[in-house]
Amino acid sequence: MTFSKKIFISVFVSTLLIGSGLILFGHYYVENLLTERFTSRYQVLTNILADTLKRLDSNTEALMKNAAMVVSAKEQQSGDLSNNQLRKLRDELGVTHLFMTDSKGNFIRSTNEDPKLIPNIFSFCDNYPKLISGEIDVEATPIIKPDPEPKPFKFLSIPNHNRTKIIEVGVRVDFIAKTLVEAMKTDANILSLSLFAPDGTPFGRFAAKDTSFKDGKENLPEKDKEVFESKNDFKIYSKVGSSHTQCCQCDKAGTSKEGQYYYVIKSDVSKAELKAVQATAKNIFLLIGLCNIILAYLLGKLLSRKLVRNIEYATKKVEEIKRHESLSGRINLKGTDEVAYLTKEFDNLLETLEKSQQKILEAEKVEAKVQLAREVGHNIRSPIIAIEMMLPTMFGMSERAKSVLKNAVKEIKSLSEKLSDKNKDIALQMKSKKTETDLVLLPVLVDEIVQQKKLEYSTTKNVRIRLRNECMISDGFVKINPMELRSVLSNLINNSIESYGKEGGPVELTVGNELNNCFIQIKDQGSGIPSGYLNRLGRERISFKGEQGRGTGLTHAFKFIESSSGKISIESKVGKGTNIQVSLPRFIEDRKVSDEKETVQIVNYVE
Numbered sequence: 001m002t003f004s005k006k007i008f009i010s011v012f013v014s015t016l017l018i019g020s021g022l023i024l025f026g027h028y029y030v031e032n033l034l035t036e037r038f039t040s041r042y043q044v045l046t047n048i049l050a051d052t053l054k055r056l057d058s059n060t061e062a063l064m065k066n067a068a069m070v071v072s073a074k075e076q077q078s079g080d081l082s083n084n085q086l087r088k089l090r091d092e093l094g095v096t097h098l099f100m101t102d103s104k105g106n107f108i109r110s111t112n113e114d115p116k117l118i119p120n121i122f123s124f125c126d127n128y129p130k131l132i133s134g135e136i137d138v139e140a141t142p143i144i145k146p147d148p149e150p151k152p153f154k155f156l157s158i159p160n161h162n163r164t165k166i167i168e169v170g171v172r173v174d175f176i177a178k179t180l181v182e183a184m185k186t187d188a189n190i191l192s193l194s195l196f197a198p199d200g201t202p203f204g205r206f207a208a209k210d211t212s213f214k215d216g217k218e219n220l221p222e223k224d225k226e227v228f229e230s231k232n233d234f235k236i237y238s239k240v241g242s243s244h245t246q247c248c249q250c251d252k253a254g255t256s257k258e259g260q261y262y263y264v265i266k267s268d269v270s271k272a273e274l275k276a277v278q279a280t281a282k283n284i285f286l287l288i289g290l291c292n293i294i295l296a297y298l299l300g301k302l303l304s305r306k307l308v309r310n311i312e313y314a315t316k317k318v319e320e321i322k323r324h325e326s327l328s329g330r331i332n333l334k335g336t337d338e339v340a341y342l343t344k345e346f347d348n349l350l351e352t353l354e355k356s357q358q359k360i361l362e363a364e365k366v367e368a369k370v371q372l373a374r375e376v377g378h379n380i381r382s383p384i385i386a387i388e389m390m391l392p393t394m395f396g397m398s399e400r401a402k403s404v405l406k407n408a409v410k411e412i413k414s415l416s417e418k419l420s421d422k423n424k425d426i427a428l429q430m431k432s433k434k435t436e437t438d439l440v441l442l443p444v445l446v447d448e449i450v451q452q453k454k455l456e457y458s459t460t461k462n463v464r465i466r467l468r469n470e471c472m473i474s475d476g477f478v479k480i481n482p483m484e485l486r487s488v489l490s491n492l493i494n495n496s497i498e499s500y501g502k503e504g505g506p507v508e509l510t511v512g513n514e515l516n517n518c519f520i521q522i523k524d525q526g527s528g529i530p531s532g533y534l535n536r537l538g539r540e541r542i543s544f545k546g547e548q549g550r551g552t553g554l555t556h557a558f559k560f561i562e563s564s565s566g567k568i569s570i571e572s573k574v575g576k577g578t579n580i581q582v583s584l585p586r587f588i589e590d591r592k593v594s595d596e597k598e599t600v601q602i603v604n605y606v607e
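Just so we're aligned, residue 1 is where the sequence shown starts under the numbering used here, counting upward by one.
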């Protein structure tokens, strides 16, 4: 698989997954929002119905109270009223039932059934005797379902004028059916509305086409508002306050709950409209999903082409360099991305290789000259020896001529030997130039570097370089390549000075020894090195000089010192400065040291 295809697949799959995730989340959110708004609409409708029922409940109760007072006034005016007289009043007043009891709570008059069949009114509620005793003037019930009536009723009782009888008015609350049926006509999604007592006793189920009154109880939810969802509809339960939150008769009958009486409206709502809206939303999100696929494809193509274009350009340049077999070519790719950085490093590598190649060519030229000189010296040696051997046999030659010839041969032989020896030294010097070691007196070498640095930074403001020597001359020798050590220490001092930026600051060097080691300590109070980089210094190419630094200075320093059996340790805190210690094995002679004390004195160098 090509790199271009890999990039395309990566971008395409990533964009597709992220876009699909956002689309799925958006669809889930919109679907839930539509459902919430749909159910909230019918919860608001339920609240409106609740207010309407409560208002009708209160109005009906006022009507019932007026009817009871009319009966009381009629009874006071005409004396005991017969059942027929009560029926006439019932029809005139527009109520369903009229009852009368004696002072003991026994029913003595009834407009609809035999009063002897009705239980004592005191058995329904402990408040009814208080009407006779004068403790209360009115006792009314909310909407209830009395046995054996299938439909809901309201009852209101008052005492007669001399509190010897109780007058009770009953009204069948047909307004419930009318109110709920009218509400359903305004919204085709409402399948039915039902009303319940707190214990689940049904007051009726009202649909657009029919009304039913059934026995039994329904399990109602505990919360004030609860929504249950099925495949095709919602069942929305809402509590509705009644005209009497406390009902003595309801408590005794067990229809109230925890001493509270209220109504529960159950709304069966069709999901047809909601499903249609959700289907439209789903189609919209499917269209967005298709757009996401197209966008992922286009974005993948665009990015893969852009990235691969640089790679293809770099590959083409590398092939040209390879074809021409020349290290002078460069890629020269502009940009700030990883590919551009990689090609820049490749160009740097080519530059290094080109310089190395030039050095190799120069070395080969020198080697050729050395070889030529060696061959010349070797080739003329044999003729010279032959001449030397023949000189004693030349009898016809004068002694003066022999002497001149002998001296000339001797001089040529001497020059040949010198030429051969000199070129041997040159060859050996070229091979060991970078690896030769020498015995170095460390305090002297460091002092020379410090003096050089003072001169180098003499024009830089606030740069102060101090050297303190704590090493005796006999303990200050190390065996090392002095040129490489100078380069390493010079670079470390430069780093310390550059850590101050343009302001400059003090750099303190200390030369000393401990046990079998000599050390050079370089301290500054500059910007410091972040702790995350300390363990990586010397192992990785890390630079704090921006674009100008390649990070090779410390790497080379660690490599050289460790190859010389030494060690570099670095302590640093950001904003506090850096302390670098270079430790090297001290040179110790195998032979016995003379008792004669050395007279050379190493002084402490100060600024």
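What the hints contain is simulated information worked out from the structure, not anything from laboratory work. The structure presented is a predicted model; accordingly, all values stated were derived computationally and were not measured. Ideal Cβ placement from N, Cα and C applies to all residues, glycine included. Some hints here could point you the wrong way.
Here are the simulated DSS-like cross-link-like pairs (lysine-lysine), alpha carbons at most 25 Å apart as the crow flies [stated by the list, open to error]:
1. K54 - K116
2. K479 - K453
3. K252 - K116
4. K235 - K209
5. K214 - K282
6. K185 - K151
7. K523 - K559
8. K116 - K74
9. K130 - K185
10. K151 - K74
11. K334 - K54
12. K54 - K88
13. K239 - K225
14. K116 - K104
15. K502 - K559
16. K359 - K334
17. K6 - K453
18. K74 - K104
19. K235 - K185
20. K88 - K130
21. K239 - K185
Across the chosen pairs, the derived CB separations fall in these ranges [what the hints assert, rightly or not]:
22. P530 - E354: 14 to 24 Å
23. A208 - M69: 34 to 44 Å
24. V44 - K130: 36 to 46 Å
25. K301 - P221: 17 to 27 Å
26. F228 - I108: 46 to 56 Å
Each hint, compared with the structure:
1. Taking the CA atoms of K54 and K116, the gap is about 34 Å. The hint is violated against a cut of 25 Å.
2. Among the hinted pairs, K479 with K453 is consistent with the structure: their alpha-carbon atoms are about 24 Å apart, no more than 25 Å.
3. Under the criterion of a C-alpha separation no larger than 25 Å, the hint pairing K252 with K116 is consistent with the structure, at around 22 Å.
4. This hinted pair checks out: K235 and K209 have alpha carbons roughly 19 Å apart, not beyond 25 Å.
5. A C-alpha spacing of about 41 Å is found between K214 and K282, which places the hinted pair above 25 Å, so the restraint is violated.
6. Distance check on the hinted pair: K185 and K151 sit about 22 Å apart at the alpha-carbon level, within 25 Å; holds.
7. For the hint linking K523 to K559, the alpha-carbon distance of about 21 Å falls within 25 Å, and the restraint holds.
8. This hinted pair checks out: K116 and K74 have alpha carbons roughly 23 Å apart, not beyond 25 Å.
9. For the proposed pair K130 and K185, the alpha carbon gap of about 45 Å is over 25 Å, so the pair is violated.
10. Distance restraint check for K151 and K74: the Cα-Cα separation of roughly 29 Å exceeds the 25 Å cut-off, and the hinted pair is therefore not satisfied.
11. Of the supplied pair hints, the one linking K334 and K54 is violated, its CA atoms being roughly 81 Å apart against a limit of 25 Å.
12. A C-alpha spacing of about 29 Å is found between K54 and K88, which places the hinted pair above 25 Å, so the restraint is violated.
13. Proposed proximity of K239 and K225 is supported: the alpha carbons are some 7 Å apart, at most 25 Å.
14. A distance of roughly 14 Å separates the Cα atoms of K116 and K104; the hinted pair therefore holds under the 25 Å criterion.
15. Note on K502 and K559: the hinted pairing is violated, with a Cα-Cα distance of about 30 Å set against a maximum of 25 Å.
16. Between K359 and K334 the CA atoms are separated by roughly 30 Å; this puts the pair beyond 25 Å, and the hint is violated.
17. Taken as a hint, the K6 and K453 pair is broken in the structure, with Cα atoms around 54 Å apart against an allowance of 25 Å.
18. A C-alpha spacing of about 22 Å is found between K74 and K104, which places the hinted pair at or below 25 Å, so the restraint holds.
19. Of the supplied pair hints, the one linking K235 and K185 holds, its CA atoms being roughly 18 Å apart against a limit of 25 Å.
20. Restraint check: the Cα-Cα separation between K88 and K130 comes to about 29 Å, which exceeds 25 Å; the hinted pair is violated.
21. Using a Cα cut-off of 25 Å, the hinted pair K239 and K185 holds, with the two alpha carbons roughly 22 Å apart.
22. At about 36 Å, the CB distance of P530 to E354 disagrees with the hint of 14 to 24 Å.
23. Between A208 and M69 the C-beta distance comes to about 39 Å, which sits within the given range of 34 to 44 Å.
24. Roughly 41 Å separates the CB atoms of V44 and K130, a value that falls within the hinted 36 to 46 Å.
25. For the pair K301 and P221, the beta carbons lie near 56 Å from each other, so the given range of 17 to 27 Å is not met.
26. Here the CB-CB span from F228 to I108 is close to 49 Å, well matched to the stated 46 to 56 Å.
Violated hints, in rising order: 1, 5, 9, 10, 11, 12, 15, 16, 17, 20, 22 and 25; the structure is consistent with all others.
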